[in-house]
Amino acid sequence: MTPDAEIALAVSDLRTRFGGDRSGATVVDGVSFSLKRGRTTALVGESGSGKSATALSLLRLIDAPGRIIGGEIRLGGENLLSLDETEMEAVRGAKIGMIFQDPLTSLNPALTIGKQIAEVLLAHKDVSRAEAEARAVELLTHVGVANAALRVNDYPHHFSGGMRQRVLIAMAISCSPQIIIADEPTTALDVTIQAKILRLLHDLQQEMRASLLLITHDLGVVAAMADEVLVMYAGRIVERADVDTLFHAPQHPYTKALLACVTDIGGDRSVPLEPILGTAPDLKQQQVGCRFAPRCPAVQDFCRREDPCLMALSDRQEVACLVVQRERNLMAPADA
Amino acid sequence: MAFIARRLVGVVPVILGVSIVIFLLIQLAPGDTATALLGPQATEASKEELRRALGLDKALPIQYGVWLGHALTGDFGRSIATQIPVFDLVLPRLVNTLILTFASLLLAVIIGYAIGLFAALRSNSIFDRLAMSVALLAGSAPPFWLGLVLVLLFAIHLRWLPVSGMQDLAGDGGFVDLLLHLILPAITTALGPAAIITRIVRSSLVEALQRPHVRVARAKGLPRAELLQRHVILNALPSIVTITGLQLGYLLGGALLTEVVFAWPGLGSLLYDSINARDLPVIQATTLLIALAFVLANIIVDVINAGLDPRLREA
Ligand SMILES: Nc1ncnc2c1ncn2[C@@H]1O[C@H](COP(=O)(O)OP(=O)(O)OP(=O)(O)O)[C@@H](O)[C@H]1O
Ligand SMILES: [Mg+2]
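Order-wise, the sequence lines are chains H and X. Under the working numbering, the letters of the first sequence match residues 1 to 336, in that order. Under the working numbering, the letters of the second sequence match residues 1 to 315, in that order.
Calculated directly from the structure, the hints in this document are not laboratory data. One thing to keep in mind: the hints can contain errors.
Here are some chain X residues the structure puts well away from chain H; computed CB gaps all over 12 angstroms [unchecked claim]:
(1) Asp32
(2) Arg159
(3) Leu308
Label-pair distances were calculated between CB atoms; the ranges are [stated by the list, open to error]:
(4) X:Ser140 / H:Ala146: 54 to 60 angstroms
(5) H:Arg67 / X:Phe127: 19 to 25 angstroms
(6) X:Gly17 / H:Leu150: 40 to 46 angstroms
Among chain X residues calculated to face chain H with C-beta under 7 angstroms, some are [claimed, not checked]:
(7) Pro212
(8) His213
(9) Val216
(10) Arg218
(11) Ala219
(12) Lys220
(13) Gly221
(14) Leu222
(15) His231
(16) Leu234
(17) Asn235
Beta carbons are placed, not taken as given, at the ideal position from N, Cα and C, and that holds for glycine.
Work out the full structure: start from the sequences and follow the hints.
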């Protein structure tokens, strides 16, 4: 197992609900993982599997009536879930930076770019307004915005989508957070710009030695950027593996199906080939057994009765599949 | 500045149009000025004489041209009823109307913004629902009726506040005296617009709170007060200011009516009296002034909005 010193953030048994207590759904249901220092962890899974909900939970940005109902998020000896709101404000933007999916709506149209970057520094660092604004210019230059000294005075509508995403990245890294969360940072952008933005993210992460949690649909991006991969299905992590193991020896039937959706490893992996049959379960219903069972090609009787939990196959791979676990004679841990 | 200049130039045709309408409306109104002035017993000849003296026998476009030419220099003629120059009659009344209008605006804005903000931050709470129901009721209460109820309760029954007028005849005429006289008419005028402003402030803020950039701003760890000011209120402000500006029109109109109920010596009561007296020059000057005030209010709102929204400023 990884020594604690290498772990930047540890999530255990995170559970998040959307909607009211009776009508809602638990969309993140017992998720555990950790982010390692200086590494990139990809979080993949089909739409609605709870990737964004997981990311938002890490910053405690789930809007009422939704809420985090349980678990622990450990960051440098603190459990984020036991902080009060003011203490949490000191974590957001300073210790964890987040980049969102849609750069077009993520900036405030009524404030200049410079002000929107400077305000992060002013909120977290002991700097004057002039220092913060000077730093904003440096940051913009750093993320590849030309003429930054002039452009800080522009409003977001003067920027293209790709440029706005650079601005959002500058904002997210302005306080040098040790953890960066990027929720599908390129989905809304032109294909030609996607690669540049990902390159930038990768370079910054390396340079800052930060941990990057990268949420994506694109397995090509995963192969290019990630050290480790978390596969999410219906609110749970069904497989965790380092990137080579995942692509060469996927174990969970859902992971296999995801990989079968794209062409061979050498080719363009972002083009889906065979979609997975069926649809994800309705999370509002009470679940019995494995959530993937109704769509699983390898399903067995016990899959519909017992609930699988994540178990290590090696120190590079964990899987939550009863069929795989039984084949390998793994026993469920006593407390599960 | 260029924006303001352009806006002011755009106003000229509007004002001209308004002046023509005002001029014509009064021509079209039933009844004859000469008859009204001289009484039903007057001979046709003396009426004809008077018409000639007042220029009422000329063709309409000529009458209009003469009237407008004089009006532009502030000369609206003399009041037919009192023979006082209309300008001298109207000016102090305008000031009084503005006092009432702006006091009501202040009241409506303070009430509307405070309750609207509070309700938006606690949307769907009991406070929110209660405030919105009260606002719905208050928004639909007729101001005339409301004024009378307020007078009955606070002036006649409780004797806390004066019934009417702007000053106590026996008093020193100071600021406090004015304020006491102002309270009831200002509340009467402000309540309807305050209710509308409350609802709009609430709904614009609730909508602004849901914009994606607010979540991004939260993820930056901004303190709550700053988050609200810079990323919610600032964005909702243009629609709030626009609606407040529209209410300025209603407030002005409402103030004119309230003046009649409370015998407040402003343009509204002057207009009421001069219509009763068929005092044509006074009616024309008063109406024109009121229209001018409406147009000016709109320009002020546009200018403020342009200052708030960078995209508008450039357009
Ligand atoms: N504000 C919300 N209120 C109620 N339900 C929500 C809300 N946001 C998301 N959900 C539901 O929660 C589940 C998980 O959503 P989430 O956004 O985390 O999925 P995702 O994996 O990020 O999907 P995508 O790839 O489409 O972004 C979905 O079933 C979604 O319908
Ligand atoms: Mg998502």
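Checklist entry - For which of the previously enumerated hints does the structure constitute a violation, in increasing order of number? => result 3
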